[in-house]
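Here is how the chains run, residue by residue.
Number of protein chains: 2
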Amino acid sequence: MLVVHKYGGTSVGNLDRIENVANRVAKAKKAGSDVVVVVSAMSGETNKLVGYAEHFTSTPAKKEMDMLLSSGERVTAALLSIALQSQGVDAVAMSGRQAGIVTDNRHTYARIESIDPTAMQEAINAGKVVIVAGFQGINKDGSVTTLGRGGSDLSAVALAGALQADQCEIYSDVDGIYTTDPRIEPNAKKLDTISYDEMLELSSLGAKVLQNRSVELAKKLNVKLYAKSSFSDNEGTLIIKESNSMEEVLVSGVVLDRNQARVTLRGVSDRPGIAAEIFTKLADANINVDMIIQNVGTDGATNLGFTVPQSEHLNARKIMEGFDHDIEGMDFDEHVCKVSVVGVGMKSHSGVAATAFTTLAKSNINIEMISTSEIKVSMVINDKYGELAIRALHEAYGLDQ
Amino acid sequence: MLVVHKYGGTSVGNLDRIENVANRVAKAKKAGSDVVVVVSAMSGETNKLVGYAEHFTSTPAKKEMDMLLSSGERVTAALLSIALQSQGVDAVAMSGRQAGIVTDNRHTYARIESIDPTAMQEAINAGKVVIVAGFQGINKDGSVTTLGRGGSDLSAVALAGALQADQCEIYSDVDGIYTTDPRIEPNAKKLDTISYDEMLELSSLGAKVLQNRSVELAKKLNVKLYAKSSFSDNEGTLIIKESNSMEEVLVSGVVLDRNQARVTLRGVSDRPGIAAEIFTKLADANINVDMIIQNVGTDGATNLGFTVPQSEHLNARKIMEGFDHDIEGMDFDEHVCKVSVVGVGMKSHSGVAATAFTTLAKSNINIEMISTSEIKVSMVINDKYGELAIRALHEAYGLDQ
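Here the protein sequences line up with chains X and F, keeping their order.
For what it's worth, this note's numbering labels the leading residue of the first sequence as 797, then goes sequentially.
For what it's worth, this note's numbering labels the leading residue of the second sequence as 797, then goes sequentially.
The hints are simulated quantities; they were obtained by calculation from the structure and are not laboratory data.
The structure presented is a predicted model; accordingly, all values stated were derived computationally and were not measured.
Each hint should be verified, as a subset may be incorrect.
To be clear about the criterion: a stretch of chain X counts as covered by chain F if any three or more of its residues have a C-beta under 8 angstroms from a C-beta of chain F, and this derived list gives those stretches [stated by the list, open to error]:
1) 883–894
2) 1105–1111
In silico SDA-like links for lysine to any residue, alpha-carbon gap of 25 angstroms or less [claimed, not checked]:
3) 936/F with 922/X
4) 844/X with 840/F
5) 858/F with 816/X
6) 826/X with 1077/F
7) 844/X with 845/F
8) 844/F with 847/X
9) 844/F with 839/X
10) 1016/F with 911/F
11) 844/X with 812/X
12) 985/X with 1054/X
13) 936/X with 886/F
14) 823/X with 853/F
15) 844/F with 846/X
16) 936/X with 912/F
17) 844/X with 912/F
18) 844/X with 911/F
19) 936/F with 910/X
20) 858/F with 812/X
21) 1158/F with 1180/F
22) 985/F with 1031/F
23) 858/F with 920/X
24) 858/X with 811/F
25) 826/F with 854/X
26) 1077/X with 1110/X
27) 844/X with 851/F
28) 1077/F with 1115/F
Each residue gets a CB set at the ideal place from its N, CA and C atoms; glycine is no exception.
Please put together the full structure from these sequences, using the hints given.
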């Protein structure tokens, strides 16, 4: 059995915690598994280095940032290897390059192109625990690249795929995936299993346990993920392909995303090319648009609504106010949030959306926008009702049972 | 004109100092030189990382230490490149690997085997300042290696050799090489030039401006060295091959080395193999022996004296006291120091050693041991007379004029 462990910044945040991680890894190794460990930088290190760079300029070159930021994970990898060796466990630390990770050329948000697992496999065959610095690789020119924030999850999944590992265990300070945020709803329950698709919806909706790209990659490579706490021995949550037993579950979780601002364009000319022009302008300004809603128009005009992250709200507003044709009016609201209900079960069950709308209506919460996908219902509401909505929905779907 | 600059840990010790280094490099570049810069880790970083490793074990694996410690120089290289770019100077940061530095396999004290300057040369041809992380390379297996403490000097000299640079400028917090330590003798004078050989004697004697191996390499590759302060615009000291004008100079400097302890073995059997046995035992215990003095024996026995660093004195004592044959008696003295007179001029001038002995005698300082080479006279004396001896010798050779 070959398992990949991944430990995030908090799990390796100081020397005692690295020791604790070494104990976990040693235990798995002694129980008979081959283990490859992917580590993040010690928490705070990456932000410290970013701060250093920003002392000189607010726009440091991405290539230099990659060399700068990749150092943090290398430090953790070396230290964990030393900690394991001091316990008598044979181990070897590798940089992304040494682990065979080759990426494209997009510095600071590179994509993994290939992994040559030969060096790792040789070390595993020699009985060693392999410790890989996460978040990094090299491009074809040999320059260091990084995979973007949270990229260590991606490293772990990609390595698990390349090594055909039996499982990829993602350790953090959270002990799994919950039906909703326990800080909002104390009755939130930890899920034993969840599907990749549900996890994707949850993580894109703001449940930060797993980085979205890594779940996508796990789905693509069919890597079994296991999200678990490095601070306890509690069972975690298994993230796998949809199974038959899952179909009995209607809804897996409800999520609140506060980082939303709403833009509504009224009386938009209902002719080809207008929406393209609007969203191209926003994309050119690097504004991430989340929900987009457009109804069938009447009288040659329609209303078009979308949401953006709150930090990009003023920028979006400036761009839209500079748009001088084919829009009659517009309004903006940064006091909104998005509540979402996620579950593979709703694909084959009618009534899930209706339950959501009824639940909010009973709580006298007005729904400003609605967007649905096969496994998700998202609603934009006034942000002061966010927590109330989450608690009501959590109860309505019986998630606290 | 192509120059290599090397900045030590103190010169890049914080972000303002890195900015200051960027200003110096930008000035050289704007004056028309091509510039390659080699940097150390920010002062304190390497010790911090060593402390981290020692949290787990006093004997961390050298391979892991190399990955750990090499990160500090990478951070500085990236930051300096960012600082230069923010001033509008085109720059690129490279790790030791990217700069083409290949070493042997001796982790933590690797030796450079070859340098492929192609990537650096391409960047230089494209008008860029190249910033190289010092102290590191990779071995033939692709593992990161480091060159030992002070290894960034070595990186700089080796790169200067590979690039056939016109000059290699070593920046530190000291503005050149002095006739003696100015803290001991305020009349110490800065030397304009000094030969490689003299510099080698001085640095092995404890003048810490330049790492010994890097001076040796500079001599071998005929790289012109220039030792200078990064904190002032004062002229520094040029270290070159012996020139004709140098022959007029009898003595270049006098040096005090306090880190000495003396061991004297009396009545050592004067037969082959005894000295070999003694120094093999010491070498096996990793004790660095400095001076070794043995006189021609009488009556089949001789006296053998040597010095060791003070920190290794007790270890050396234990080993010698466990030596149970062919030695009649021994004594140990850790209250000694070594004063040395260095100068290429003494090769062709008699009387330099005599002046030294006379000078110490006039000051009523007893000489316990004497060792001479072509360009050096070293004397072991009681350590309370160290500073007095230095001042007397400095005056006797007219170094304050």
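Structure-based check of all given hints:
1. 883–894: Answer holds; 5 residues pass the 8 angstroms Cβ test.
2. 1105–1111: The restraint on the region 1105–1111 of chain X is violated, since only 0 of its residues have a Cβ under 8 angstroms from chain F and three are required.
3. 936/F with 922/X: holds (20 angstroms)
4. 844/X with 840/F: Distance of about 16 angstroms is within 25 angstroms: holds.
5. 858/F with 816/X: Holds. Residue 858/F to residue 816/X sits at ~22 angstroms (cutoff 25 angstroms).
6. 826/X with 1077/F: violated (40 angstroms)
7. 844/X with 845/F: Roughly 16 angstroms separates the two Cα atoms, so the pair holds.
8. 844/F with 847/X: holds (19 angstroms)
9. 844/F with 839/X: holds (16 angstroms)
10. 1016/F with 911/F: holds (15 angstroms)
11. 844/X with 812/X: Satisfied, since the Cα-Cα distance of roughly 20 angstroms is no more than 25 angstroms.
12. 985/X with 1054/X: Given pair residue 985/X, residue 1054/X holds - Cα atoms ~21 angstroms apart, limit 25 angstroms.
13. 936/X with 886/F: This hinted pair holds, its Cα atoms lying about 22 angstroms apart.
14. 823/X with 853/F: Holds: residue 823/X and residue 853/F sit about 19 angstroms apart, inside 25 angstroms.
15. 844/F with 846/X: OK: residue 844/F and residue 846/X at ~20 angstroms, within 25 angstroms.
16. 936/X with 912/F: holds (18 angstroms)
17. 844/X with 912/F: violated (34 angstroms)
18. 844/X with 911/F: violated (33 angstroms)
19. 936/F with 910/X: holds (22 angstroms)
20. 858/F with 812/X: OK: residue 858/F and residue 812/X at ~22 angstroms, within 25 angstroms.
21. 1158/F with 1180/F: Within the cut-off at roughly 16 angstroms; holds.
22. 985/F with 1031/F: holds (12 angstroms)
23. 858/F with 920/X: Holds: residue 858/F and residue 920/X sit about 20 angstroms apart, inside 25 angstroms.
24. 858/X with 811/F: holds (19 angstroms)
25. 826/F with 854/X: holds (24 angstroms)
26. 1077/X with 1110/X: OK: residue 1077/X and residue 1110/X at ~14 angstroms, within 25 angstroms.
27. 844/X with 851/F: Holds, because 22 angstroms separates the two Cα atoms, which is no more than 25 angstroms.
28. 1077/F with 1115/F: holds (7 angstroms)
The structure does not agree with the numbered hints 2, 6, 17 and 18 stated previously, though it agrees with the rest.
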